[in-house]
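Q: The lines below spell out each chain.
4 protein chains.
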Amino acid sequence: MINIKSAYLNTRNQFLTLCSNLETEDYSVQPTEFVSPPKWHLAHTTWFFEQFVLKEFSSEYTIYNDDFAYLFNSYYNNAGERVLRPNRGLMTRPTVKEVYAYRNYVDSKMVVFLDSNPSKKALEIIELGINHEQQHQELFYYDIKYIFGNQPTFPTLKNSIALNDITQKQEFITIKEGVYQIGHNTTGFSFDNELGVHKTYLHQFKISNNLTTNAEYIAFIEAGGYSNFNLWHAEGWDFITKNNITAPLYWHKVKDTWHYYTLNGFKPVEPNKPVTHISMYEAYAYAEWKQMRLPTEFEWEIAAEHLNYGQLWEWTNSAYLPYPNFSKAPGALGEYNGKFMINQHVLRGASIATPENHSRKTYRNFFQADMRWLFSGIRLAQ
Amino acid sequence: MINIKSAYLNTRNQFLTLCSNLETEDYSVQPTEFVSPPKWHLAHTTWFFEQFVLKEFSSEYTIYNDDFAYLFNSYYNNAGERVLRPNRGLMTRPTVKEVYAYRNYVDSKMVVFLDSNPSKKALEIIELGINHEQQHQELFYYDIKYIFGNQPTFPTLKNSIALNDITQKQEFITIKEGVYQIGHNTTGFSFDNELGVHKTYLHQFKISNNLTTNAEYIAFIEAGGYSNFNLWHAEGWDFITKNNITAPLYWHKVKDTWHYYTLNGFKPVEPNKPVTHISMYEAYAYAEWKQMRLPTEFEWEIAAEHLNYGQLWEWTNSAYLPYPNFSKAPGALGEYNGKFMINQHVLRGASIATPENHSRKTYRNFFQADMRWLFSGIRLAQ
Amino acid sequence: MINIKSAYLNTRNQFLTLCSNLETEDYSVQPTEFVSPPKWHLAHTTWFFEQFVLKEFSSEYTIYNDDFAYLFNSYYNNAGERVLRPNRGLMTRPTVKEVYAYRNYVDSKMVVFLDSNPSKKALEIIELGINHEQQHQELFYYDIKYIFGNQPTFPTLKNSIALNDITQKQEFITIKEGVYQIGHNTTGFSFDNELGVHKTYLHQFKISNNLTTNAEYIAFIEAGGYSNFNLWHAEGWDFITKNNITAPLYWHKVKDTWHYYTLNGFKPVEPNKPVTHISMYEAYAYAEWKQMRLPTEFEWEIAAEHLNYGQLWEWTNSAYLPYPNFSKAPGALGEYNGKFMINQHVLRGASIATPENHSRKTYRNFFQADMRWLFSGIRLAQ
Amino acid sequence: MINIKSAYLNTRNQFLTLCSNLETEDYSVQPTEFVSPPKWHLAHTTWFFEQFVLKEFSSEYTIYNDDFAYLFNSYYNNAGERVLRPNRGLMTRPTVKEVYAYRNYVDSKMVVFLDSNPSKKALEIIELGINHEQQHQELFYYDIKYIFGNQPTFPTLKNSIALNDITQKQEFITIKEGVYQIGHNTTGFSFDNELGVHKTYLHQFKISNNLTTNAEYIAFIEAGGYSNFNLWHAEGWDFITKNNITAPLYWHKVKDTWHYYTLNGFKPVEPNKPVTHISMYEAYAYAEWKQMRLPTEFEWEIAAEHLNYGQLWEWTNSAYLPYPNFSKAPGALGEYNGKFMINQHVLRGASIATPENHSRKTYRNFFQADMRWLFSGIRLAQ
Ligand SMILES: [Fe+3]
Ligand SMILES: [Fe+3]
Ligand SMILES: [Fe+3]
Ligand SMILES: [Fe+3]
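Residue numbers (the UniProt record's numbering), protein chains in the order written: chain G, 1 to 382; chain B, 1 to 382; chain V, 1 to 382; chain L, 1 to 382.
FYI, nobody ran anything at the bench for these hints, they're computed from the structure. It cannot be assumed that every hint is accurate.
Same chains, same names: a pair is fine if it fits in one copy or spans any two.
[What the hints assert, rightly or not] Listed below are the simulated DSBU-like cross-link pairs for lysine-lysine, each with C-alpha atoms no more than 30 angstroms apart in a straight line:
{"#": "1", "residue 1": "K199", "residue 2": "K176"}
{"#": "2", "residue 1": "K253", "residue 2": "K242"}
{"#": "3", "residue 1": "K328", "residue 2": "K290"}
{"#": "4", "residue 1": "K206", "residue 2": "K339"}
{"#": "5", "residue 1": "K242", "residue 2": "K158"}
{"#": "6", "residue 1": "K55", "residue 2": "K328"}
{"#": "7", "residue 1": "K361", "residue 2": "K5"}
{"#": "8", "residue 1": "K290", "residue 2": "K267"}
{"#": "9", "residue 1": "K199", "residue 2": "K361"}
{"#": "10", "residue 1": "K242", "residue 2": "K255"}
So here's chain G without its partners, still in its complex pose (with noise of 0.2 angstroms):
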């Protein structure tokens, strides 16, 4: 089974690719309740292969050291019993060469067992820990946007990714009205929220090739756009209001004009690049005020072959719920999707944050409508 051994392999070190310019105080701190040290990421996804992996299927692994289980386990329902509970970005220790320990421990466990020819449900559960840990690779790329962003000294991360201009005149593709296959066949992986190859009737509509810039979105502002309450969600209209938000996350204006921290560092706001760190309120505001909409994911995945897409994850006017005959998982592992599919909103693509090959046409990623750090985009349709 050499594919999956060298895919595991080339993912596990890739995060340490991702982290090879951090200094050791970047590891450990939590801004806010939404962000997870990197530290905390490392540890916890490879708390994955141990609990579910090496526990469940290797019968002579020996738990590395149980503290870890109970600190990295991010589904706290099921923790066991302590005097303290843990607290992410307050934890100094384990210190960080000690979660790189931890890291080269589970590993070579895990090459000897997947040189062992595991089960076939052994490997499912691999691949799926695998797509995880590219799931906590991007959202590392957010949290130390975020960690650094806050920064007074808006400290920089060394051979970063940036956004590419838009270079593509913008058209809007037609798609005609009928019934339409939706979700993953049961070829190559997917999670259980894309599953489930369905019918739905869409009705004719037209969508946007390209996404919006920086230079498009800053006309919405200069327009007056974050004052003007008849563009807004009215719980999108008091979030602005109560969170004082007149432009994108890491945005600041100085001396008159638009700068925004990026992973390389703090500097005017670049015209021709995709606006990104915007809320879904912001995303429909914007559509709103150009008299236009954002699509359904439905649209969005059947339009999907005709777009330019995968800089940034794009915001749908769908709420995320179950497709038809969803079920989950038994046990943790049912614990993945369904129990976030309420108040969550579909976005669509994929983002330079995200992982070679982690993403398709079918998959559903979903956040918060007010979440902003992640590399989110608009596109739209009418």
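Assemble chains B, V and L with the ligands onto chain G, guided by the hints.
A: Frame of chain G; chains B, V and L with the ligands shown alone:
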């Protein structure tokens, strides 16, 4: 136009009947943010006719009191300049008597106006105003129950509404797969959110003829439903944990027996009545426990003619989103529905608190998932 | 014992006079935690006599209503078992009419009891109850001003109290260094917190004969007093910053002129009246700006006979702490004063809201530093 | 001026010794608002010498890094203009290594300056800076204990401080009534808050020679001290109720035995050591339970020579208020003490965390009543 005049007067008088057993003190309190005092409902529905009908269409109309326009406008966004903002539950003035005088004034002007051959546009807005007032009459029931049900002395509302026992045997009706028509056609009144007859694809499903009863729900409680996190949305689990919720709203355990507050008094829970005052989270968890699910709003609409409904609004597993080609009216009336189309959930049917003739098969009611003070219920699908 | 009976009846009737111009709606609201609704004051002061006098000393007394004992007890700690806790501002029942009936019932029983040659112990508690009711009568003024002064329509209280102009020229009185006697001697009523005549050493000081006027305070505002953090306690600076405080409570700038709400209406600030509705923090900052200080409560007591006082309670720079040999009564009455002796500040004098004969030179009033709804004022010392 | 130079260097080096067993990760976290990360203490105390000594008095001095001046200034009020505000626990940069370089830079400049015959004014500020650094060294102990003591793995600080058993028999010393002298005379260093020798009148009192032990405090717990509201200030009762406090900070019941976290590890509570990490509220309630009281700070100062003290700061029943004729220094240094003189409480003595020679009989330490992370203790008076 005798028809709309009598509809107007009937609806307006109906509110007086609803309030006929209140004490003056009951009109003014606001125990929580989502509850409005009865006095506010009485004045706000009056302001609707003053603002959108008389002020717009009746040239000789004189505003009753500029303060009232400011105080009873629920569309805060364009409110005028004042030293202080109104706070619904803390306004002891105008008094109840003054609010009734305001109603009389507006009603007398409306009668004159209705007799003066109003334009089609004006008649449409009056019809909307009547439906608006009916919605507030339903909210009045939710609110007065909350006002009374959270006082230690549990006051009652004389001659009030009550649920009936469910007497029919439970069956599951099967609906075949196919393309179906959804939405309101243009005959008769409807809200903008249900407009636009359009097609949707439904896969085959089964749906219960009856609502879930208190006895069935107590079985869920006694089976530990409120302490098994696997049954809950992650957000629902946080909600019940943070708020120590272990039963529907208004339920209290007294000497090992579940009791509840009803508008007719505090009493042991009646087993054969449909369970109510549960959040969307609880409806979902109950369905999970039964290894079934809630229907979508589209499934409900297609199955409606086969169902026993009308006692309680039924949580569906559909997010409140625009229909294809949804468009909102310009100006303040456009704020009626569209701006709420995020993070809310559709309920279908009607309740014992719904004014006569106010609901229909295509009616889309909607609330946030954590709301429990409405007359909500559970219907299972699979 | 004719004297205490007439004191009892006078005090009880006085509360009816205070409330004679209220509307029913005004009795029940609680706009913020530290404000109690008038209805609650009326019932709570009645409960005091029922609980501590009639129930204790009158063998044939029948509790008027067990609910009332529960609802109007301010000593929550020993409250009985109920399904729900009372929330002062949300109880629409008992009605105002029922509360007045409760007062009548208790008063009629008290008259019989007072005529029955009560024990010395009982008489002492009745005297305490009279003083307790007077304190609540003063609180009534603070509370009704807050209730009216936070409504957009600024209702007035007909025939209400008003401050007088300060007409005497300001002088600073000098008091010599030495050992002085502080505290109440045993003749006449006093609270336990002022008991225990004892010695204190005072260094020489000067104290103003007059209170600070609105004109003087406006000079402080216009000199930027609210934006110069050097004048403020660190905690005071946080308080005004977080709450956007730039003037006394009830002040509003209308077209460049300071106005304020008084119980007699909304009007331009009157320059020669003493400034009121300022927190301890503001009093301190004003004194700092004048390069003076507030007196201690001991300085105040020794200088009192030379001062013009009685319009407003005067913030001193003394924390509310026990006198040497302070001891509290056993049981619930012991909760009266001692348990508040931390993080509160002594005010001396009396105010226009204080019932006649209620205050004296040794009286120790006390509030938290951030309270502004009381009738507080500023006197300088150096 | 060899004396102050060696005092400077000793104090500065002492901080390196305190930190010698920390991991890099331990330097940067801020688990709660009142705790500062060790890195911040190290930089802030350095900034003090840069800002108030080198920048003021050394003409050729070059600021090490403008960012540091902004980041490590605790006097936020006059902070410069930045896009973002520093947040002590979330700054991963500058790194620990960079902060130590900053210390070295400032120390080398200070040595040159100290050798250059500084003015008397400069020497006074250096002496203040040394005492300031000593205060932060004590805070370092409180903070690192909080950082470690709230992690589930309970890390230890090697070679750390520990309390001693109380071995002497308890006695109550009697002090006679009379006029006494309080405050620091002008020989030797003191803070401005203890200056101004003045007279105070003390009534006769008794004071314990010893601090309260853990065994004595456990008796209080076991007698239900934490559930008898009569023993508590109203505010203290709210504090323990809202925060579920049933024992001192760092105490945990494991299998029916009280354990606590100490810097040397998690272990059963040692009965003969003095109880610590109790709030002012708990100290007061304990004294009430013993039917005694806490001494005032004046009683303590007069009795000090008869007392066994120095292990723990002792809560007095005195509010932190200015002495007669207290005056604060102009400018930023004037912010040192005066602005905290409200709602804080005086502690007298010293603790095992206090640097050598830092305390004295007249030293006035002060904290809010709810603070428990300091090394506080209880001494009874009557
Ligand atoms: Fe995960
Ligand atoms: Fe409305
Ligand atoms: Fe009272
Ligand atoms: Fe400092």
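Q: How would you label the pair K199, K361 (within, between, both, or neither) given a Cα cut-off of 30 angstroms?
A: both (16 angstroms within a copy, 24 angstroms between copies)
Q: Can you give me the call for K328 and K290, within, between, both or neither, at a CA distance of at most 30 angstroms?
A: between (39 angstroms within a copy, 15 angstroms between copies)
Q: For the identical chains here, do K55 and K328 meet the 30 angstroms Cα criterion within one copy, between copies, both, or neither?
A: within (22 angstroms within a copy, 56 angstroms between copies)
Q: At 30 angstroms max between alpha carbons, let me know whether K199 reaches K176 within a copy, between copies, both or neither.
A: Answer is both: 15 angstroms inside a copy and 14 angstroms across each meet the 30 angstroms cutoff.
Q: 30 angstroms Cα cut-off: does K242 pair with K255 within a copy, between copies, both or neither?
A: Both ways: K242 and K255 sit 25 angstroms apart in one copy and 27 angstroms across, limit 30 angstroms.
Q: Is it within a copy, between copies, both, or neither that the alpha carbon of K206 lies no farther than 30 angstroms from that of K339?
A: between (33 angstroms within a copy, 23 angstroms between copies)
Q: What label fits K253 with K242 when the C-alpha limit is 30 angstroms: within, between, both, or neither?
A: This pair counts as both: shortest intra-copy Cα distance 19 angstroms, inter-copy 24 angstroms.
Q: Since the copies are identical, ignore which copy is meant and state whether K361 and K5 lie within 30 angstroms (CA to CA) inside a copy, between copies, both or neither.
A: Classified as within; 26 angstroms inside a copy, 56 angstroms across copies.
Q: With 30 angstroms as the alpha-carbon cut-off, assign the pair K290 and K267 to within, between, both or neither.
A: within (27 angstroms within a copy, 48 angstroms between copies)
Q: If the cut is 30 angstroms between Cα atoms, do K242 and K158 qualify within a copy, between copies, both or neither?
A: neither (35 angstroms within a copy, 39 angstroms between copies)
This entry does not satisfy hint 5, going by the numbered hints stated previously; all others are met.
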